[in-house]
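Chemist: Chains as they are written, first to last, in the working numbering: chain A, 31 to 251; chain B, 24 to 162.
Hints in this document: simulated from the structure, not taken from any laboratory.
Fair warning: there could be bad hints in the mix.
To be verified - Stretch-level coverage of chain A by chain B, calculated; a stretch enters the list once three of its residues show a Cβ under 8 Å from a Cβ in chain B:
(1) 53-67
(2) 100-107
(3) 110-118
(4) 206-214
What the hints assert, rightly or not - Some chain B residues well away from chain A (every beta-carbon gap over 10 Å; in silico):
(5) G46
(6) V67
(7) S82
(8) D103
(9) G131
(10) L157
Since this is a predicted model, take the numbers as computed values, not measurements.
Glycine residues also receive a C-beta, built at the ideal position from the N, C-alpha and C atoms.
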Amino acid sequence: MYIVIAESGNLAQELVASFIASGDEVYILDTNEKLVEKIQSDFGMVATLGDMMSIDDLTEAGVSRASIFIAGSENDYNNLAACQLVKKHFETPKTVSLYNNLDNSQVFDKSGIDVVINTTVLKIERLSSIIGSHPMMKLMDLPGGDKSIIAVKITENSNAIDKRVPELALPSGSEIIMIASEDGTIQNDMEGYQLSARDEIIILSPKNLETGIETILTRYV
Amino acid sequence: MKIIIVGAGLVGCQIAKQMSERGHTPILVDKDEKSFEKLPNHLVDNDFITTVQGDGNDSQLIKTLNANESDTVITATGNDALNGMIAQKFNILLKSKNSKNIKVILRGSYLADLYESLGFSAVNKTEKITQLALELIKI
């Protein structure tokens, strides 16, 4: 299988090693000259300097014969455009895009890209599996410094159990981004869903209100 | 006509100015409040142009603009891929509206075909300027 990976930054070397080890043919397209040189020095001519939104550079990288195209840059909009461009011009069977910002989920879901992976959710899942039963953890501070994303697990005796989101009286400015049940089901109807013990709640929180939100979701009176 | 313009660069500000002078009511959105300084003061002070300081790529902000009441949306941030993403966000929020009323201002040519194929109206400003220059020098 021939796989073209664009703008995957620090992941590039691990991905190349991993795909080569599994017998696949892989090619890196990246604007980072040092990274391209390093990959060429370690693995041979499997990387080239180029822009993933240029038809010429994509052609040069052999996207027309690729089975999979992966866009992994830090910029969601560049990944979106590159995958859509590849889908339209090269009819690549599988396009894969990473994205960071949960606000972009709907656009990516409706984009026509075959596989979309939210890196924030991936990090949440990984961290959740590491921290196990810890009821609250901060996942990231958002640019601007006045908001953060936190994950709170509903504790066994929490007063929040059986309540719906509008009944929770979360602090003003906070917003529930995602509710995942213990079995991993993502709840689409967040307003109507009744919370259960061990539900994982991902919340956009104003700075310094994280502990207050944790208390609301975990306290037992 | 209600027009939303995302991006208060030279193009965005010029479109807002021209539209307001023709009696329309543009809303101009930009992260950087200083970018609105390019607009003539009298147009802003008298509410002929509404300026909104914020991220035009943020769904919550887009909702507050009441975009479904607008006739045209123009994305002109200066970044082609970002303009395309913002156009797609507006398109999702506008639902039944004609996506041709969403204009994507582009600098390069590769993405113009893509955004046209998604139903938007793509304007390649580099191509337009080149054409104009060639006409002016009669080549």
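Chemist: All the hints need checking, so say for each whether the structure fits it.
Modeler: Against the structure, the hints:
1. Closer than 8 Å: that is the beta-carbon criterion, and the stretch 53-67 of chain A has 0 residues meeting it against chain B, so the requirement of 3 is violated.
2. A count of 3 residues in the stretch 100-107 of chain A with a Cβ less than 8 Å from any Cβ of chain B is obtained; the coverage claim is therefore met, three being the minimum.
3. Taking a C-beta to C-beta cut-off of 8 Å, the stretch 110-118 of chain A contributes 6 residues in contact with chain B, enough for the three needed, and the coverage statement holds.
4. Check on the stretch 206-214 of chain A: 0 of its residues sit with their Cβ under 8 Å from a Cβ of chain B, so the three-residue criterion for coverage is violated.
5. The claim that G46 of chain B lies off the interface holds: its Cβ sits roughly 33 Å from the closest Cβ of chain A, which is beyond the 10 Å cut-off.
6. Its beta-carbon lying about 25 Å from the closest one in chain A, V67 of chain B satisfies the requirement of being farther than 10 Å from that chain.
7. A beta-carbon of chain A comes within 10 Å of the beta-carbon of S82 of chain B; the shortest separation is about 5 Å.
8. A cut-off of 10 Å between C-beta atoms contradicts the statement that D103 of chain B is not in contact with chain A; the least separation is 7 Å.
9. Taking the minimum C-beta to C-beta distance to chain A, about 8 Å, the non-interface status of G131 of chain B is violated against the 10 Å cut.
10. Residue-level check passed: L157 of chain B sits 23 Å from the nearest beta carbon of chain A, beyond 10 Å.
This entry does not satisfy hints 1, 4, 7, 8, 9, going by the numbered hints stated previously.
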